[in-house]
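J.: Going line by line, the protein sequences match chains A and B. Just add 13 to wherever you are in the first sequence, counting from 1, and you've got our numbering. Just add 227 to wherever you are in the second sequence, counting from 1, and you've got our numbering.
I should point out that these hints are in silico values taken from the structure, not numbers from a laboratory. Source: prediction; values computed, not measured.
From the derived model, a few chain B residues whose C-beta atoms are all more than 10 Å from chain A: (1) Val242; (2) Lys247; (3) Pro278; (4) Ile282; (5) Arg284; (6) Ser285; (7) Arg389; (8) Pro420; (9) Asn426; (10) Leu462; (11) Arg474.
Here are the simulated lysine to aspartate or glutamate pairs, EDC-like style, with alpha carbons at most 16 Å apart: (12) Lys40/A x Glu196/A; (13) Lys245/B x Glu231/B; (14) Lys299/A x Asp227/A; (15) Lys860/A x Asp476/B; (16) Lys317/B x Asp140/A; (17) Lys501/B x Asp625/A; (18) Lys175/A x Asp889/A; (19) Lys276/B x Asp81/A; (20) Lys316/A x Asp337/A; (21) Lys317/B x Glu136/A; (22) Lys317/B x Asp137/A; (23) Lys269/B x Asp30/A; (24) Lys182/A x Glu692/A; (25) Lys857/A x Asp476/B; (26) Lys215/A x Glu296/A; (27) Lys276/B x Asp83/A; (28) Lys317/B x Asp400/B; (29) Lys854/A x Asp476/B.
Where is the CB? At the ideal position from N, CA and C, for every residue including glycine.
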Amino acid sequence: MKIKIKLNGKIRTFDEDPMTSLSEVLKKQRLLSIRTDCDGSGMCGACSVIINGVKKHSCMVRFGQICDGDEIFTAEGFAKGRDLHPIQKAFLDAGVVQCGHCTPGMMLAVKELLDNIENPTPEDMMDYLSANMCRCTGYKQYFDVLKMLKDQPAEDMSSFRKDLRIVGKRQIKVDGPKLVKAEPAYVGDMVTSDALVIKVKKSPHPHAFIKSIDTSEAEALEGVELVVTCKNGPSRPYNTAGQGFPEPSPYDFRLVDRTMRYMGDRVAIVAAVDAETAEKAIELIKVEYELLPAIFSPFDAKKPGAVLIQDRDISADPLPIGQDPKTNRAAHNHGGIGDVEKGLEEADIIVERDYGSSRVHCTPMETHRCFGYIENGRLVLRASTQVPWHLRRIISNILGIRENQIHIIKERVGGGYGAKQDLVMEDIVAWVTWHTGMPSYYEMTREEEFVNCRVRHNMFFRVRAGAKKDGTITALDIKEVSDTGPYGNHCLTVPMNACSKSLPLFKCPNMHYDVSTYYTNNIISGAYQGYGAPQGSYALQMAVAELAKKLGMDQLDLLRKNMVEKGYHLEILKSLGEGQEGIAQVISSCGLKECLDRGEELIGWNEPLISDSPYIKKGRGAAIIQQGSGLPGIDSANAELRMFGDGTFHILMGGTDLGTGLDTLAVKVSSEMLCTDFENFSILSADTDLTPFDVGAYASSGTYFSGMAVYRAAADMKEKVLQTAADLMGVSRDSVKMEYPGRVVSGDKSLTYAEIAAKTQCGNGIGQLISKGNFTTEEAPIPYGAHFAEVSVDTRSGEITVDKYYAIQECGTPINPELALGQVYGGVVKSIGHCIYEEMKFDKNGKCLNPNFADYKVPMIRDLPKNFKCELIEVDEHLGPYGGKSVSEISTNGAAACIGIAIYNAIGIWMQEWPFTPEYIYRALQDKTDKPHLYDFVTGMKS
Amino acid sequence: MAAEFFIPETLEEAVSIKEKTAKSFYLGGGTILNLWTKKSSKNLISLHKLPLKGINRSNGFIEIGSMTTMTEMTQDPILKDNIPLAELLKSCYEVSKNTRNMATAGGIFGSRYTRSDFLPLFLVMDCDVISYTSGGEKRESAESYLANPPSKTGLITRIAIREKNEPFFIKTDRFARSSNDLPVIKTAVSFIPKGNSMNDIKIACGGLYDKPVRLYELEELLEGRDYSDGSIPELIRNRFAEMAPGRSDIRGPEDFKKALASSMIEDIIAGSGKEQKA
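Looking at chain A on its own, in the form it has when it is part of the complex (with noise of 0.2 Å):
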């Protein structure tokens, strides 16, 4: 069908199949804002295009409904040359493009709605951006832009820091631009039209052996270069997490299997010239599997002559993580301080509780993906990672080859929150390209995502909890079941962190925990934001709250009566280490107490609830929360400065930037130390080849970790920059000193940066300044956090609200601001949605049921709590770049804890399993008997 249209504003001539959908013909022409994240199914809105002035999803459109003469506008007509539109500028000032994937659709819903509505109001806003799905920014400063685009005060960021000149204030990011103009960013982007393009043949056991498997039909079919298998693919194992090495991670994956241990394990690889061909020969390949016992539950899987799920030999696993095969069990550890049983004998009260969790999504706008070439002999993958040097590792293990032999280039990451720090796919790329010397792409659907990544973890838990009657508690034990799928990746550290995040919170002289975890047949287990913090918060502090309640004590009173503060020595650190001992430490900063004032004052703590039915009763809860930053002894960072010729600056930084806006942290960071504006650096990060190492983006570590060693780089290059002025004007060192903006003055002489980089770059000069930073430490700042719930709680259906919200984070110095707060409402909201509504469904053969945003459903901007606040709170930090300390990841850990504390105060039943769906809570409802025991953590039952 042949067709003129107006593409925005240019008249163009379109000649297409009608049945293809309008995203498809668009990206075709290369229109990078098309971005398709739910397989089509119109419900991310990221594929929003304006046509004849209403705003569509491009993937339900097919292209016979598109009329010659149509006006199509996409997010690439809003820039004229390099300016930006006033939308784009808007939305870089609020600091609402992080990943960036979502962008280009959520600046399209603006315009439709200025284009409609002279004078919007915020909820015409949330109308019009009620289709348009954003996962990291939690929706509320969209409300920012719209104010900015009125010349109306935003939210007010000036009062950090008020000492330095960059740090702390609101700064467009430094990739930003590039991200609202939909230029070539994501891996995506990147891939050539010579790429040969990969499928998966997927198990449809949740168990089973391949007996036998015939691929000559598929290897014949026209168009395929190469099919992998059990029978010519690697056998070495390897473990897919990208975490610090040697891993506490067993080696009990590998590429192509010949056992299948989840429903969508790989039983072959195809890689062919186009998706079609590739779909086809998947289709012909013949498999003749024998059906193993399948266990879907951890429960199951440790009880005595159950099915081995990795029989294997041990001996090739980096670290002993109280693994052991025989039993199912992939990890384990216990330990503590003082001694548990005697301070329950001092304790007047005690609860003792089971709790669980069920499997939630990450599910990042932008699905995992990877592109593959060869350049002069050498592997180049273009990834969307969060672990570029672990990858490289991970992938010269898998291929034998050294890792001098391979290019690891982090692009763009539309979303990552923990899903990216596994090797999902990137295996499967670096094999083809490897052996077929071909280019490669690999992108994996929504479906895929859903079940061949990684999910958080489903635990289970005995809480034991005890107190004097004046609320002195007295002893705390946690004993933890969790399920990590068939693989081990992670097995250790997400449960353990579920303790090691929870426990530390408490002035309390007895604590232990005791962690297990067993393989099952169910999809693959692994980091999401929060790594376990979130269930082990929700466990623990759930049983904190039931202690007050016993104990008649208001939960405030006992949380503040308990909870550590600066200066604390936190000895259970030892023990809770990760494969290893851990580092004991004495906390840096602690801003609990303003955080509980702070939220206590904004909830109304209080206040009387008032129900205008008799059926809806309401609740407040509240929880503390802690994260880390980084991991102390584990993780290290590195990073360069080099001095241009006209005195601009250059980053090479290892840390990776997942949309967080570590790569600005770096430039404010570095623009704060040498005095000098934010335009003059550039950066360039994550790339194996062009920067130095770091571990990646995970555990909380890119401010602190990578922030300090950009901080370090920079106060080395000052130094530098000082020495040599004081050379080069010949005055002693000591009587230089550095200005803004951006020079070196002694008394009455000065020079410009860009003097001393010509006098050093020239011919007689010393050379190009270049400086180095190296971070690594034993000692590590912890962010504290309290969030408060009040919910309505429908008492004939189970339906829930949550009316009001309210999380305040201490985060030392946001570096950051704008962007951190927005993470802060990312997770949060993200955690109300885990709460509610977020869950995967299985059927009996762990089939799972709602692989799709129609079925999994994720928080839009209509669904935030009508009164919704998140709040940052400074406070004195030392270890940090300027005082900075993790943020982000912390976000996610208060939700579970203080809606299920809040639902109780409503109902007063207690929660005790999580997602609080309505369905979950009619069924409690109906059964209003306490069962404080729900799981047999002696013989394995489920009560």
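Since the structure of chain A is already known, use the hints to place chain B on it.
T.: Below, chain B alone, put in the same frame as chain A:
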């Protein structure tokens, strides 16, 4: 054989193509059809060039052209001024903006979806579906249209809703897991208030069974009753308990859905008293 995409320019042409082409479907806004035909080979007959847009008054009815989008409905002055149709507009605003911009009045009926935001509402209005077939124009009640299998219905051209000249109460309620979810349960209630009594009461529910249904037995129980009668909640709950089992699926078990539907209807009726007084 590859699927074909037809773009008829007249109603006659559209109906003729449909009759001659196996596995063919009329394509309106595409929010549902484009979703479930994406991976299958189905012939599509796009209706975008047919004169099926617009909203008019005709013989005591408001007629909505089947290709009128929900956004166009919300912008039309006829619907805005019309009290019974305020609930229709409210339902339009309950779906996301992109969907509202694309989904059409005809598609609402064509999909026959039980979790529709609209069908329960149409079931409690005096609403007819007007179709075009090779035998000419056919007019039938919404309920009758939904009762027939798709093969026996023609190309929907208009939805006709009777205007009300007497006091009339109509209200809907929905429960969805999130704001861009189709409703798990959608209920609709209408009646003619005479004093405090509910007359000619109609109640419909979507999501509970395979298609949206009128709840006749419940209507019988409540017909003529005083909406402030304190026994109504119990009557409704008991009636739901006696109903045939509904659908249990990943959105919840059937007894939970009944509890949802029951509480929604209770609240609508309880709220109707306040609304009448207001």
